[in-house]
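Working from the sequences, and respecting the hints, build out all of it.
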Amino acid sequence: MDDTLIDIGEVARQSGLAASALRFYERKGLIEAEGRNGLRRAYRPETLERLALISCARDAGFTLSEIGRFLRAGPSDERLRAHMAAKEREVSQRVDQLTRLRDSLRHAVVCTHDPLVECPEFKQAVRRVPQG
Numbered sequence: 002m003d004d005t006l007i008d009i010g011e012v013a014r015q016s017g018l019a020a021s022a023l024r025f026y027e028r029k030g031l032i033e034a035e036g037r038n039g040l041r042r043a044y045r046p047e048t049l050e051r052l053a054l055i056s057c058a059r060d061a062g063f064t065l066s067e068i069g070r071f072l073r074a075g076p077s078d079e080r081l082r083a084h085m086a087a088k089e090r091e092v093s094q095r096v097d098q099l100t101r102l103r104d105s106l107r108h109a110v111v112c113t114h115d116p117l118v119e120c121p122e123f124k125q126a127v128r129r130v131p132q133g
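So that you can map any letter, position 69 of the sequence shown is 70 in the numbering used here, and since no number is skipped, the others follow by simple counting.
Quick caveat, the hints were computed from the structure, so don't treat them as lab data. Using N, Cα and C, we set each Cβ at its ideal position, and we do this for glycine too. Watch out, some of these pointers could steer you wrong.
Stated by the list, open to error - Quick list of the computed label-pair ranges, beta carbon to beta carbon: (1) Q15 / G39: 14 to 22 Å; (2) S77 / G30: 14 to 22 Å; (3) E67 / Q15: 21 to 29 Å; (4) L117 / R24: 45 to 53 Å.
Claimed, not checked - Simulated pairs of lysine to aspartate or glutamate, EDC-like, Cα-Cα distance not exceeding 16 Å: (5) K124 / D104; (6) K88 / D60; (7) K29 / E67; (8) K88 / E67.
Shown next, in the form of structure tokens:
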């Protein structure tokens, strides 16, 4: 095996993904094996960066199809840019929602109101958190 390639087991370990997920992503065209070490797939080191991007995008609510289009897109893909702008707004709204929820939980940690759910400040904070 080429010294610059990483065995599928090592990629799985470093990325935190199962080898089956790597093979699935390969079938979907999201990553590409560069060679083999016997029967085992081997990947370029850059694959770890791509997997981190894929994981981040999935965590943000992107589908694998959307991620695939993003990975193949060029700068002139206006339709994809518009879709990415809409996704950015969704992600920003989710960040705002989670920030308000975090603030509510911080208050709940130090609140002495009994019961906690009847605390006026906590109730107000919860009302500010839009339903997801």
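Hint check results:
1. Q15 / G39: 14 to 22 Å: 20 Å, holds
2. S77 / G30: 14 to 22 Å: At 20 Å between Cβs, range holds.
3. E67 / Q15: 21 to 29 Å: Holds: the Cβ-Cβ distance is about 25 Å, inside 21 to 29 Å.
4. L117 / R24: 45 to 53 Å: 47 Å, holds
5. K124 / D104: 12 Å, holds
6. K88 / D60: Given that 16 Å is the threshold and the Cα spacing comes to 12 Å, the pair holds.
7. K29 / E67: 12 Å, holds
8. K88 / E67: 10 Å, holds
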